[in-house]
Amino acid sequence: MDASRFDMVMNRRRFLRALGAGAALTGAGAILPSSLEAVTDPALAGRPLVRYPEKTDLILLTSRPPQLETPMHYFQHAITPNEAFYVRYHLSGVPTKVDLATWRLRVAGHVERPLELSMDDLQSKFPAARIVAVNQCSGNSRSRFEPRIFGGQWGDGAMGNAEWVGVRLRDILSAAGVKAGAVDVSFNGLDEPPTSSVPDFAKSLSVSTLMDHPDVLVAYQMNGAPLPMLNGFPARLVVPGWYATYWVKHLSEITVLDRAFDGFWVKTAYRIPATPCGCAEPGTKPTRTVPIHRMNVRSFIIVPENGARVAAGRGTILKGIAFDGGNGIAQVDISSDGGANWRRADLGGDLGPYSFREWSARWTPARPGHYRLMVRATNRFGESQPFEPLWSPAGYLRNVIERVEVTAA
Amino acid sequence: MKRRSQFVILAAVSTALVLAALAKDNLKTIELPDDNAVAKLKPGPGVDAVEANCMGCHSTDYIVRQPGGDAQRWQDEVSKMIKLFGATVSDEDAKVIVNYLATAYAPAPAKTSKKSGPGARARKGEQPQP
Chain Z
1 MDASRFDMVM NRRRFLRALG AGAALTGAGA ILPSSLEAVT DPALAGRPLV RYPEKTDLIL
61 LTSRPPQLET PMHYFQHAIT PNEAFYVRYH LSGVPTKVDL ATWRLRVAGH VERPLELSMD
121 DLQSKFPAAR IVAVNQCSGN SRSRFEPRIF GGQWGDGAMG NAEWVGVRLR DILSAAGVKA
181 GAVDVSFNGL DEPPTSSVPD FAKSLSVSTL MDHPDVLVAY QMNGAPLPML NGFPARLVVP
241 GWYATYWVKH LSEITVLDRA FDGFWVKTAY RIPATPCGCA EPGTKPTRTV PIHRMNVRSF
301 IIVPENGARV AAGRGTILKG IAFDGGNGIA QVDISSDGGA NWRRADLGGD LGPYSFREWS
361 ARWTPARPGH YRLMVRATNR FGESQPFEPL WSPAGYLRNV IERVEVTAA
Chain L
1 MKRRSQFVIL AAVSTALVLA ALAKDNLKTI ELPDDNAVAK LKPGPGVDAV EANCMGCHST
61 DYIVRQPGGD AQRWQDEVSK MIKLFGATVS DEDAKVIVNY LATAYAPAPA KTSKKSGPGA
121 RARKGEQPQP
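Which chain is which? The protein sequence lines are Z and L, in order. Mapping of the first sequence onto our numbering: position 272 corresponds to residue 272, and the numbering continues sequentially without gaps. Mapping of the second sequence onto our numbering: position 28 corresponds to residue 28, and the numbering continues sequentially without gaps.
The set of hints was computed from the structure by calculation and includes no laboratory data. Among these hints, one or two may not hold up.
To be verified - SDA-like, lysine to any residue: derived pairs with alpha carbons at most 20 Å apart:
{"#": "1", "chain 1": "L", "residue 1": "Lys-83", "chain 2": "Z", "residue 2": "Gly-46"}
{"#": "2", "chain 1": "L", "residue 1": "Lys-80", "chain 2": "Z", "residue 2": "Ser-197"}
{"#": "3", "chain 1": "L", "residue 1": "Lys-40", "chain 2": "Z", "residue 2": "Ser-197"}
{"#": "4", "chain 1": "L", "residue 1": "Lys-95", "chain 2": "L", "residue 2": "Pro-107"}
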């Protein structure tokens, strides 16, 4: 039995076991009472909290391959704990065992000196670089698009922010000696397709992109600890400011190419319309597309949560986070009247331009009644968020001004 | 003498613990839970074809979480799985699967009102959901 056939059989077994398991998950996962989000956010209705290995209770989107969403209350703080960090896999061949004694990061292709680096090599032969950066799924918030779009029906929790420590990709490529004429660099990890007919997950970045982006890391540490398996142990690519699709997990192969990478996951998948906004008229197909790349500006109100009751005539604290694709957040404004009037929020500590930026504001609802709170961030480049949602064919790039409905009594 | 043997045992235990800790850091294993049993496929003609053809690669929640769609929408999805993602499905089964999905997971009824704000407000002249 070859490996992929074996995986198929294992997948099938897990499916059959689940069929027999009735309404309760068994084994390593467990269904817990619905989260508060599931009650207040219709996008999360019917989705149980589950506990996967090295993870706390996360909102289940899909079980195989696993996609787990972070409950929004974790975003009260700039750093997302490893155990609460969301999980997203494309293919069901998720590595369940990695032995550092045999794991190697291979650097090959259009280079002078192909390398096989152990974890010890990465940690002892290269300087460590440290960066705080947001990892956000391209399809975060896809369930909010109208018209609706097929694909992972994420709420807003397919994102997280961590301090990553690792080796600069630039240093690794220098050690390997990139030959003249290099065009793209491709990245592959240990995760595998369920059968050989399914395209393996691999991504690429152009050499010119990497020249302009010294902060791309091969990270072996996340918030001061080894990466959880489901976030890419033992090492993952960190591409600060870019969507998570490029942050290849369980990284095992870096290949320098003297031609454009033509893999499915860049050439066909993860494309956006070749327009300045990356958006299209709702329901239309774009004529020309480009690979998705840098994140746009987003901000969220985390406290109070949607549907909350607050005291009329008394001060209450609003707080949340804002981030962008690496210019850094310059300003966050809030509105308590549906967007007619705006005022400046206070920004929290600056953890660098790729990080979540905490914000807070004191607000006193003068009278009892219903209020629509809104938040709008602006980055240092002057980019902000649209009042009306933009639409993109694959459900990417959502960054409309978010709102929270509260009642003062 | 007794003290020395205690020390040797202690040293040996400590070494074993350190080695175990090193080995633990070097080797990570996890066990993934079973498929989500709450996302059961709706009963209906063709459900067995879906189970036989689709569930080898992904769990049922990849289907039941989708917004719903008509035959054309589901045909596009099934074609995508076959042509782009490499699913091996016979033409005959593909027809049965599309028929099942378009019946069991038809488009959601049009919403008449939306209380949410600009983040979810329907635009004027918006196309009905496919």
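Hints, verified against the model:
1. For a cut-off of 20 Å, the pair hint linking Lys-83 of chain L to Gly-46 of chain Z is broken: about 31 Å separates their Cα positions.
2. Proximity of Lys-80 of chain L to Ser-197 of chain Z is assessed by CA-CA distance (about 13 Å); at most 20 Å being required, the pair is judged to hold.
3. A C-alpha spacing of about 26 Å is found between Lys-40 of chain L and Ser-197 of chain Z, which places the hinted pair above 20 Å, so the restraint is violated.
4. The straight-line distance between the Cα atoms of Lys-95 of chain L and Pro-107 of chain L is roughly 18 Å, inside the 20 Å bound, and the hint therefore holds.
The structure does not agree with the numbered hints 1 and 3 stated previously, though it agrees with the rest.
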